[in-house]
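Q: Next come the chains, spelled out residue by residue.
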Amino acid sequence: MQVKLKIFRYNPEVDKKPHYDKYEVEADPTDRVLDLLEYVKGNFDGTLSFRRSCAHGICGSDAMRINGRNRLACKMLVKELGTDKILVEPILGLPVIKDLIVDMEPFFANYRSVLPYLINDEPPPKKERLQSIEERERFDDTTKCILCACCTTSCPSYWANEQYVGPAAIVAAHRFIFDSRDRAGAERLRILNDQFGVYRCHTIFNCTEACPREIQVTKAIGEVKRAIATGKIE
Amino acid sequence: MSSRPAPQIGFSFEYMMWIFTRLSGLAMFLLSFIGFAGAFWLGARMYLTNNSFVDIGALARWTFFPNPNHVVNTNIPDVAVGWANAWWQIMQITILFLGTTHGMNGLRVVIEDYIDRSWLRTLLRGLIFLLWIFVMLFGIYVIQAS
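Read top to bottom, the protein sequences are chains R and Y. Mapping to the numbering used here: the first sequence position 127 is 167, numbers consecutive. Mapping to the numbering used here: the second sequence position 43 is 44, numbers consecutive.
Bear in mind the hints are in silico, worked out from the structure with no lab data behind them. Errors might be hidden in some of the hints.
Simulated DEER-style distance windows between Cβ atoms [as the list claims (entries may be wrong)]:
1) Asn51/R <-> Ser33/Y: 53 to 63 Å
2) Ile57/Y <-> Met41/R: 53 to 63 Å
3) Ile244/R <-> Arg118/Y: 22 to 32 Å
4) Ile244/R <-> Gly26/Y: 16 to 26 Å
5) Phe41/Y <-> Ile173/R: 23 to 33 Å
6) Trp88/Y <-> Ile244/R: 54 to 64 Å
Built from N, CA and C at the ideal position, the CB exists for glycine as well.
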């Protein structure tokens, strides 16, 4: 099938303003949008810039806006779009560096602010810190995050104000708050009980819809809100 | 294995207002039902049957803000007696407080969400606080004076 690609282009060394370039590409319905971008880069314009690494939905490098929705280009099949017109743009809310590449630093700064690592100063047992199946199950959903930023950059609260830590950071906090081996849940909840913590979430659900790993992001944020409200980590 | 330290319930302003929004929403539902029942008890029933149609606007005024000036045209002689007692005045002031604070806080949340410049945010917060004071005082005056 013939596909009409329209791609956001911006080179700060040459362009004053961003513009869109159009390409017509022969594609199979089972091709991924990433394949089309690679084809354009290899055959039409080598200057087209985008991030990609594993190309299998694990590394989280190639989050972009495809036909208006945040998706991983490597997981989005042409047939799933249901149209032969494909619009590819960078994710919103982060500064564009070039073409489809955005500056992820504000995103990672927010991520780091919630202490996204296991904190436990108690002397370790002889073997590992044991955990029951139920205790592991409690935070299983939020361990799936690959930090692609699809959720955070689909959130209108984040577009409006990048001081908001954003869904991805709260998901990362959730992963450790509800981990029975961790001891810093109270500290993380204190960080998130802030004007730019969980209270900028208005349950819009864009994050849940955008997540390529199908994490129940809004539910996780709700559980963090409940832990703050009740003072209990359950 | 020792247990995890329990989090302290954080009494930040945002936390308090977040809880208040939820509780005041529920409380306004409850008060609406009381007000609705009270409106019928005090005579809205007659008003409804005297007309061939149900006047939703009039019923809402009876339910939420039943002072005699609002229902003076209804030809119900003992209206003023009913509204003047302390129970209905407390009811009205409670609804006024919950409704105004809930709504003004909603405006504040929009500002916190969308205004990035800190001086403008502070200015608008102040304006909303003044507006809140004004509506509260004006509302209480209307309730007491009628």
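Q: Check each numbered hint from earlier against the structure, then list the numbers of those it violates in ascending order.
A: 5, 6
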